[in-house]
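Colleague: Hey, can you work out the whole structure from these sequences and the hints?
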Amino acid sequence: MIYLVSILVFLMLIGAVMASILKDLIGAVIAATLVSIIAAILFYLLQAPDVAMAEAAVGAALTAAIFIIAIRRTERYEK
Amino acid sequence: MVNPVLLIAVPLGFAFVIPLFALFWKPAIKYLPPLALAFNLVASLLLLTEVCENPIIVSIGGWQPPFCINLVAGPLGVLFSVVIALVGLLVSIYAIEYIKGDDTENYHTLSLLLLTGATGVVLTGDIFNLFVFFEILCISSYALVAYLRDKAGVESAVKYLIQGAVGSSLLLIGIGLLYGLFGTLNMADIAAKIDSVSPISLFVPMVLLITGLGVEAAIFPLNAWLPDAHSSAPSSISAILSGIAIEVGLYAVVRVVFTIFGASSILLFLAFLGILTLLIGELCAFSQNNIKRMLAYSSIGQIGLILFALSIATSGGVTGGLFQLLSHTLAKALLFLAAGYIIYRTGSLQITAFEGMGKKMPLTCLAFTIGAFSLVGLPPFIGFPSKFLIVRAALATKETVFAVLIGLALLGTIIEGAYFFRVIQVLFFQGEEGKPQGQNPAFNERRPDKTSGEAPAVALIPIFVFVVLIVVFGIYPKLVTDVLNSAATELLHRYDYIRSVLG
Amino acid sequence: MRKIVSILLLIIVAFGIIRALVEIPFGTLKTEVGRYYIEKGVEETGAVNIVTSVVVNYRAFDTLGEIVVLFIAAIGLGAVLRTGREKKTRDVQPASLILFTGCRFLFPFILILGIYIFIHGHLTPGGGFQGGAIIASGFLLIYLGCKERRISRVASHIAESLGGLVFLGIGLLGLVFGSYFLFNFLPMGTANTLFSAGVIPIIYIAIGFKVGSELAGILDNLIEES
Amino acid sequence: MSFLNSYIYYIGAFGLILIGLYIMLVKHNLIKVIVGLGILDTGVNLFLISVGYITKGTAPIFSKPGIDSQQMVDPVPQALVLTAIVIGVAVLALALSLAIRLYQHYRTLDLREIKEQRW
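Chain order of the listed sequences is A, B, C and D.
Heads up, the first sequence is in this note's numbering, so the first residue is 1 and it goes up one at a time.
Heads up, the second sequence is in this note's numbering, so the first residue is 1001 and it goes up one at a time.
Heads up, the third sequence is in this note's numbering, so the first residue is 2001 and it goes up one at a time.
Heads up, the fourth sequence is in this note's numbering, so the first residue is 3001 and it goes up one at a time.
Straight-line distance between alpha carbons at most 20 Å, and here's what the computed SDA-like set of lysine to any residue pairs gives: (1) B:1398 with B:1264; (2) A:23 with D:3110; (3) B:1151 with D:3108; (4) D:3056 with C:2028; (5) D:3027 with A:13; (6) A:79 with D:3027; (7) B:1151 with D:3028; (8) C:2003 with B:1224; (9) B:1151 with C:2083; (10) B:1026 with C:2155; (11) D:3056 with A:2; (12) D:3027 with A:27; (13) D:3064 with C:2190; (14) D:3064 with C:2188; (15) D:3056 with C:2024; (16) C:2040 with D:3071; (17) A:23 with C:2003; (18) D:3027 with A:68; (19) D:3115 with B:1149; (20) D:3115 with D:3025; (21) B:1026 with C:2156; (22) B:1359 with B:1453; (23) B:1151 with D:3110.
In case anyone wonders, no lab produced these hints; they're calculated from the structure.
Modeller: Here is the structure:
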């Protein structure tokens, strides 16, 4: 169990770093969504199913959607 | 007895109703916020007479603290809610005429919710609930700063939002740490348990809370957003932001420092920070040519002075600080409201463009002058007794540090006087004919309307009421000092607060 | 320069937080308040999901504040993005038949799923926010699939206002019947059945509709305006 | 191993918080800054939930009779996080709408180029 959690946390931090590095904003948003999804799994493992559901629905799905809409209306690449 | 919950529930109800009115009966919208705030003013004045002896504690949901969220209507909180309702009422009357356009329902909903959030912050007795109301206050002010949708407004709103959001996150981390340490969120409960933990481990949560709340309170290193936001919002919103929002932020800071942590060790640091904020604010204000930026920097200076006075932490000092807070709220709201129409008529934000306005709109300019005099601290206006109390309290501590700091504060007051007299000189004694001025490129608040002179009556009424209040409280400070004294007592005696909540 | 200062600042923050965390060991019981809710929650509120009983009953005032925050965001977003001119019809590029049919087919199921989740908030994980968010994602699907369709602005405003007013009204009724704001004045019923827990399901339904319509309104504004 | 056992969630949470703050402080692109804000929020939420966890705990739901209430995790942080998530998404949405407006005014999202307002 603890190995699974460690791997998930590691992946989550990698995702956060990717969100920082990527110049393509869509890529950054996808990395941030990955962070959200893994966070939702961690919430589930921490015995918080309500929060996991909220994070998956709000944090992952809707946030990603509004980010992508906003990027489509502005510009895609960070200079 | 009025239940203090109604002070929050009634304006919320009005705010929820406004979108319905926007669909079916649009012209009525602009009268709803004054109605809600008039209710709040009456109700909180009624409460004020009751709570001075015994604070009223109401639990929400019907459980005993600390197992529920409870409101603490003590003298301090109710005093604040009176001020919020009063200033909010007058500003919303002003806005009836001032805010034009076809989507005013957004403006009215957001400003009403901003004031509701402020009322919630000052009444709540639960630290996470304070965070939620703080967010209501902050988020509606982000949206309102960008209300005009012009370049300057949107840019300032973005800066404000980013700094405010970082502050909120830090605040939430601080709350999480406190919950981890004490296992409760009730402020009185935390305050009662605070001695069970070593002071070292309290330091980090305290710093996080002060930083998070300090962003909204505009304490020195955290106030980069303020001049932009206050100067690019519509003038009625600037009045609310300068007159209420930062004061409520400061309230939250002192509530955390005094009541929750009972921290006397950090007070001297806060006093230094206050004076630093004061001097920086006044110096920046002195170098401004833009009237609203000048007023915004002057707010920073005043907040510094209030923070300093509260950090003296004697009965006299806290009373003086609260009195100064009241006087700043009234005077600054008046200044922004008066400046709003002066700007509207001249079509420029530059002080040099105001030449000769004293003749064209004498009443508005006279009101501006009174506000400026009061802010500087001249008798017979409210600024005089408040500053006098602070100076007396600082000297009464008989400590060299405070004497030196109050000397610096007086220096700040002199600078303040200098730049306000410059404006007044321009208003009344320069340029017989307003010569055509170059438009400030950043300014497109509204197309100037140079034809008519004086501000409309609906706008003059609140301005007049502010002037009356400033003069009356200046001549008879006794009218408010009793209430201020009991508010100061509530802040200084944390054990009474704990006992009244937890029983 | 800015990078170095920021990293220094972050190191200070990290140090302080590590210092503070030493006092807060992971995985231990820290609170009496939470314990109280677990011991008494079912008996006092009738909801078997303790998180729901905390969200909608013990700390319902926070929840009221939170839906206000979302309300502000929806209104503020409308105010910021508003163009003032009539909306142009979107350049309708019809979606492929499969996408179109799929979206129309899926939409009612997503709606029902969302409603199921917020009606059963006091029994199973989930509740008003989760259900509302799922409803909003159903509308997102409609935007992707059936491009010519829009949600009615009037209906969403009415749902928003009524959701808020129902919540507030229940709170005020509590004040009338039990002399406490948001007092749970309806009978608790038998725990673990649908019709139990007094006002909790009603509040969650109001929250669900409000959150759903607000999030859908936010999406609508972002896609359509300016 | 006991180190990982006791600190892995804290490491994750504060890793996210620090990375989020780093993005917000250092990056110049407004959308990137808002992404950082989202990551910061997630980190704070994860931290709050981990504060309430009890080793070998169960979710605080009495879904069937006879569940040991002693081992239930603390429900309060979960309620707080539900609130915090919604507040977070509200701020994000408002920030993105401001970003769209800002882009219409300046044709760029680079905060270094957007400096009309200066001291």
